[in-house]
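Fit chain B to the known structure of chain A by using the hints.
There are 2 protein chains.
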Amino acid sequence: MTSENWWLSQPEPSDVAALKGWEGLFTQGSGYLHVRGSLEEHLSDAPQNQSYMRRPANVTAEQFPDMRSKWGTFVPGIYGNHPLMGKEMANLPCFLQIVPSVDGERLDIRQSALLHHQRALNLKTALLSRSLTWHTQSGARIDLTFERFASAAQPHLFVQRLILTSDRDAHLLLEAGIDAGVRTSGYDHFTQVRFERLGAARLRCDVVLDTGDEVHEISQARLGGATWDYVAGERAAHLRAAIPLHAGQSITFEKATLVTTNIDEGELILSDFDSLDTPFDTLLAEHAAVWQRRWEHADVRISGDNHSQIALRAALYHLLRAHPGHDRVAIDPKAYAGDAYRGLYFWDTEMYLLPFFLYTDPERARMLTDFRIRTLLGAQRNAAEFGYAGARYPWEGDADGIEQCPNWQYRDHEVHVTADVVYGLAHTAQATAQPDYLAQDGRAVLRETAAYWLERIDGRPDDAYPSLLGVMGPDEYAPITNNNAYTNRMVAFALSLAAAVEADEGLRERCLSSAHNLPLPRRADGLLLQCEEFEQFAEIDFAALWRDRTKPFAAQVSQERLYRSRCLKQADVLLLMMLFPGEFSDAEVSQAWAYYLPYTTHDSSLSPGVHALIALRLGFADQAWAFWERSLHLDFDGGAEEGIHIAAQGMNWQIAVFGFGGLRTAMQADVLTLNPHLPHQWTQLAFPVVWKGQQAYVEITPDGVSIENRSEQDLTASVHGTSVVIAPGQGSIWHGQAHT
Amino acid sequence: MTSENWWLSQPEPSDVAALKGWEGLFTQGSGYLHVRGSLEEHLSDAPQNQSYMRRPANVTAEQFPDMRSKWGTFVPGIYGNHPLMGKEMANLPCFLQIVPSVDGERLDIRQSALLHHQRALNLKTALLSRSLTWHTQSGARIDLTFERFASAAQPHLFVQRLILTSDRDAHLLLEAGIDAGVRTSGYDHFTQVRFERLGAARLRCDVVLDTGDEVHEISQARLGGATWDYVAGERAAHLRAAIPLHAGQSITFEKATLVTTNIDEGELILSDFDSLDTPFDTLLAEHAAVWQRRWEHADVRISGDNHSQIALRAALYHLLRAHPGHDRVAIDPKAYAGDAYRGLYFWDTEMYLLPFFLYTDPERARMLTDFRIRTLLGAQRNAAEFGYAGARYPWEGDADGIEQCPNWQYRDHEVHVTADVVYGLAHTAQATAQPDYLAQDGRAVLRETAAYWLERIDGRPDDAYPSLLGVMGPDEYAPITNNNAYTNRMVAFALSLAAAVEADEGLRERCLSSAHNLPLPRRADGLLLQCEEFEQFAEIDFAALWRDRTKPFAAQVSQERLYRSRCLKQADVLLLMMLFPGEFSDAEVSQAWAYYLPYTTHDSSLSPGVHALIALRLGFADQAWAFWERSLHLDFDGGAEEGIHIAAQGMNWQIAVFGFGGLRTAMQADVLTLNPHLPHQWTQLAFPVVWKGQQAYVEITPDGVSIENRSEQDLTASVHGTSVVIAPGQGSIWHGQAHT
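Which chain is which? The protein sequence lines are A and B, in order. Using my numbering, you'd call the opening residue of the first sequence number 36 and step up by one each time. Using my numbering, you'd call the opening residue of the second sequence number 36 and step up by one each time.
So that you can see chain A by itself, here it is in the shape it has in the complex:
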């Protein structure tokens, strides 16, 4: 394991065009607080206070305003009310500001003469570092190192440091401030902004949002011998000190910022926070220790392929960072690294994020499904809003589970999320071997969602079977369809579980009857149809219409054409087959792959990962590898400008562990089961796994598979069909079965 495999490095930190993407990739977060990787001194011509009116749109094809830089400071659960979009997580005052000026020249990466500019995120310690050498116009050579982290040990705390050395005597002016001149997707949610100086070197900013939410930020400046002036405007304030630089002597400036809000648990007395006075190194040590423990349970090691190793670690870094550590919020599709998905919660949680946590940190996994149990009341309100009994989980939910999706086609028709939530509960119960989690904790969710389904399911006059009509499946380019296979199977699954906890015999029978009879539509030759009418859609001439393959198909044709044509945004039938692999033969999967792939645009970041997994099942190693690389690459080269595609990052873990590693989920196997497909590009794949409460460690090489039982009980494990019982603390090796 080389050290550079932990460093995510920005190749050209002075490349302004690439800045926004790296702001996303370099997002740091404590679970409580998330901050995009913007430059400390900012760009002079990238104002953050420009207003525009965002409109409901298909985010895939949405054009975001052309901004060189986009600050982001987010506390999940702190919302603004957008007049058109609904609730959205608010972008809070930015406290990153540290601006050095030397001999009257302000640091500016485009104007200043820079040498050796480097910027990198240490994924292992979640520390973002930046070093540069600056030749000032006055002739000084200044070495600067910025460092910063969002404390994993003290989640309200963000810590920064600047070490600066001049090769000659010079005059430094340092500004360290808080800037509330920000917007959330172009909208100003602040109804009050107040700045205050506290003592000699503290700056406080209080804002009230249009939801009534309140946010407080206190920044502490620390620099021996400096005398701070306080400079305040309406929307920004900073502390400023003039410091003499002596040739060859370093000065060290530290800035710590404490963020509290009205949704904090317990009472936070701001002035009590000693941490603001704790030295950087002390805080960093306790922070790094937390990350050390996290990686022990989560790291996936890949040998022979540095690129995959770093990119996958970046994925896991963001998954670990984005988890809130409690069940009051979940993880939004941009992992709080941007406002594009408004900090809301989608089915991504259950289908794309949950597995990583379930098999690495089940306690945190359970918080994600507990979030759904906690927001049942919101789901009941949504159902009533639509005229139904029971509970209807939101397509885009806020922290209370209230539907906030502003586009009716998704909000109204993408009902599968309500069944996906139940699948998530079941997965947690299975993977943690806690059946009571379903039967007790999840009981109300099972019953209430079943009550919704029983009203939502139609019986058409001419049919002998029930139908789910007017639904959008995972593929969002087929907006209103009948008997979507994925949806029907998921709903049948949810109804079966509801029947198992239902005491009323009549209701139980109704649940079972619908569960057994909801159809999976098939063509005469057996092909599983995405929905009844899939073959009634038009053929589409991709070659003629999709001229720029670097951009989504949806950005190049009208929505009207998408909606009547055989074109998929993402895996739909194949996702179903991925989740219920035992219910479909290889021949069926192969038939579906051959049929749907040519129609699939992968406009959704959720698509390549599913295709990689299905390709591995079918033994299409080259295609699997291509989809893996595509999925792994999503957030690079500008992909992260509006935030991290966290569901795809969750899928990247799944491709590595479920796909290449061949781990069967607890929904698919009773004992720890592996059928690895190690890519020929790799010499080793190794990862920890928690199987029904038992820790294990898996290593796969071209020569074989080893499993170490790190738990206190015997562990049964099966590799390519060969089962072994492994004693506590022992390992077992299967030879020569890593490739298929």
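Among these hints, one or two may not hold up.
Pairs involving identical chains hold if they fit within one copy or between any two copies, as the list cannot separate such chains.
Taking lysine to aspartate or glutamate and the DMTMM-like style, the derived pairs with C-alpha atoms no more than 25 Å apart in a straight line are [unchecked claim]:
no.	residue 1	residue 2
1	Lys586	Asp248
2	Lys159	Glu75
3	Lys159	Glu398
4	Lys586	Asp178
5	Lys159	Asp657
6	Lys727	Asp435
7	Lys586	Glu490
8	Lys727	Asp471
9	Lys586	Glu420
10	Lys727	Asp362
For the record, the hints were derived by calculation from the structure and aren't laboratory data.
Here is chain B on its own, set in the frame of chain A:
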């Protein structure tokens, strides 16, 4: 013909709850300028400057803000840019204001002690009158008569008069102003408002809109001996005079307002307008003369049923008033009597409005279809916007034919309008016996819309026939369907006409092939299906879901349920059968009637009229009568609050003349053909008709039918299959054939 059959009277003019509906019904218009029937002195607690953000929504289910009164002053073609809705006809400064105060007490219909308050619109002269007696707190008894009209002779001119008499000496304070404190659907489109006094008794208001459009209003006050003060605020100004009232002596105040805009043809020099100084009676006489001529060509006389007579005359009044008199704009669905449909142009023009004009005033009819020819460029732009060749007429078009519909499901999918436009051109050509109107004037429309269709039509892999996929037919509760029968038939019609003018043989063949092969989907038993998937929709429990039948069904269930269920907003298959009666047997029509009627909510005002006509064809006299009454009643009892349902009013003429009168259209018959169904409630139905350039007059009684040839040539006419040639100036009588 009794005189009261020309008066549309408001039963309780002091009933504030009913005011808004009567404001719509009492809308006056010159073609150029339209003004809602608001009170001259206004209500003190109904502010017109309250802002709100209107959002795209289904207008049927849209909740409009609760306002007691809604001023409306519209010049068709003068727009504002709404940030969410697109272009919308702007509500202009209101110049109606005439406020009398006597002995310090301001006239207020809720506070003042009123006797004999009456208000009525003389449909014959388009004069709105109001008389009331007011007992002031000071003890005076004041008789007031307000009169007003939008001059049909000088369309830029609006004229008002107040005659006031006191039974004792008193002090009158009179205010006459212009109020720009208005909104269009809650939005303020004025970027500049300027007031100015011109001379002793003139007030000028200039506004600039956010589109750059400019509007000028000049009001002239006339009252012998009065001295006017000028009182101006930022958004309103008025002239004010104190006038001594002498017991028993009337004073007469006149106010004339001239409106000009940047879209006026030619140059209007405001100060040149002598009309502002012309006495009320002189202006009224020339105005009434125009209306006299209009009614001669349009009036439908009904004997034995005063209610139908007045309501139908009100319908014709609004049709006559709303027509612009040129082809630079058309008629919006609210007849410029409200802003609900934003002053835009829909298919209503061709299908619901055009026939009335075609058979009463062909010259004006042709202006409506000329409007489509003139806006071909806009239609071409729309097609390009959607990625197609040719021309695509807008679902909601502005004066340039540019699509302004903010709801994607209608905008994207309700493509039939593009074929409806061609049907309208063909109808004009047929009814005016001007085949060149299609072959020459309309040629580019035929060819360009055909070019669009040829790209829009799909051939599905498994089908031997072409299909129109992903369309919404007239029934807007089936949003995205395949092979909608109405749409396919209309498109086939348009393509056939295009083929007839197409020189290129390949193109001609393609047009003809599609025209011949676009399917009309049928059930196994022959039932004409609205669309392929109609029987795949869910059954719906109307009894359980539609609890308040006085409100639209759509307001009581979710859109999601509408979109997956067998429920029709309006006639769809039946409209097709109404337009192409010869293509469907009585058995087929009867089958469709029996099948669709139970599913039809008539949430659309366009629905009852079609049903009345089909019921008459099928001999269902009682049902026809019920639908007639329903359609006729639409704008009463609050129905006109947001404007007139002008398409339904056009249908009311069609029910009377095509239905009860039994006139075949020129699309259906070569010679003037009548098959009357006189309702037993009526003793006579009589109307003028223009048949292919020849004037005729039809009278139908229970005893028979008479047709008078008012043209210069022989007229061939057929009644119930018996043809006669009628010499110029002569009549012909068919006995005993009026009832069927």
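Hint-by-hint comparison with the structure:
{"no.": "1", "hint": "Lys586 - Asp248", "verdict": "neither (38 Å within a copy, 39 Å between copies)"}
{"no.": "2", "hint": "Lys159 - Glu75", "verdict": "within (22 Å within a copy, 76 Å between copies)"}
{"no.": "3", "hint": "Lys159 - Glu398", "verdict": "within (21 Å within a copy, 81 Å between copies)"}
{"no.": "4", "hint": "Lys586 - Asp178", "verdict": "neither (40 Å within a copy, 74 Å between copies)"}
{"no.": "5", "hint": "Lys159 - Asp657", "verdict": "neither (31 Å within a copy, 82 Å between copies)"}
{"no.": "6", "hint": "Lys727 - Asp435", "verdict": "neither (30 Å within a copy, 67 Å between copies)"}
{"no.": "7", "hint": "Lys586 - Glu490", "verdict": "between (41 Å within a copy, 24 Å between copies)"}
{"no.": "8", "hint": "Lys727 - Asp471", "verdict": "within (14 Å within a copy, 82 Å between copies)"}
{"no.": "9", "hint": "Lys586 - Glu420", "verdict": "between (37 Å within a copy, 18 Å between copies)"}
{"no.": "10", "hint": "Lys727 - Asp362", "verdict": "within (21 Å within a copy, 76 Å between copies)"}
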